[in-house]
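S.K.: Sequence:
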Amino acid sequence: MATTGSDRPETDFPRGIGAPATRALVAAGYTRLDQLAGVPAAELAALHGVGPKALRVLGEALAERGSALG
1 MATTGSDRPE
11 TDFPRGIGAP
21 ATRALVAAGY
31 TRLDQLAGVP
41 AAELAALHGV
51 GPKALRVLGE
61 ALAERGSALG
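So the sequence shown is numbered by my numbering: it starts at 1 and just counts up by one.
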C-alpha cells in the first residue's frame with residue numbers, strides 16, 4: 001500500500017472526511033472515491049471511524065462526479 005509522507009494511505013478521498021474515516025475505508029478495501037458509488041451509506045456508516053460528516057462529504061464529492069452512495 002502506497003503512503004504519502006504523512007503515512008496517510010494513497011487515496012483520492014476528500015481530505016474533509018478525516019483520517020479515521022480514510023483509515024476505515026482503506027481497511028475495508030476502498031482506495032478510490034469511484035469505488036464508493038452505489039455502496040449503501042448504511043454499510044459505510046457501520047465502519048468504525050465513518051460518521052455523518054464523512055458520509056456527507058463523500059456524498060457531495062460523488063455528486064460532483066455524477067454519482068451517489070447507494
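These are computed hints drawn from the structure, not numbers from a lab. One thing to keep in mind: the hints can contain errors.
[To be verified] Simulated restraints, written as ranges between beta carbons of each label pair: (1) E43 / A63: 17 to 23 Å; (2) R56 / D34: 15 to 21 Å; (3) G66 / A27: 25 to 31 Å; (4) P20 / G66: 24 to 30 Å.
Heads up, the beta-carbon is just placed ideally off N, CA and C, and yes, glycines get one too.
S.K.: Indicate, hint by hint, whether the structure satisfies it.
M.R.: A quick look at each hint next to the structure:
1. Separated by about 18 Å at the C-beta atoms, E43 and A63 satisfy the suggested range of 17 to 23 Å.
2. Range check, R56 to D34: Cβ separation about 18 Å, and the 15 to 21 Å hint holds.
3. Hint check: G66 to A27, Cβ distance near 27 Å, so the stated range 25 to 31 Å holds.
4. Between P20 and G66 the Cβ separation comes to about 28 Å, which falls inside the hinted range of 24 to 30 Å.
Of the numbered hints stated above, none is contradicted by the structure.
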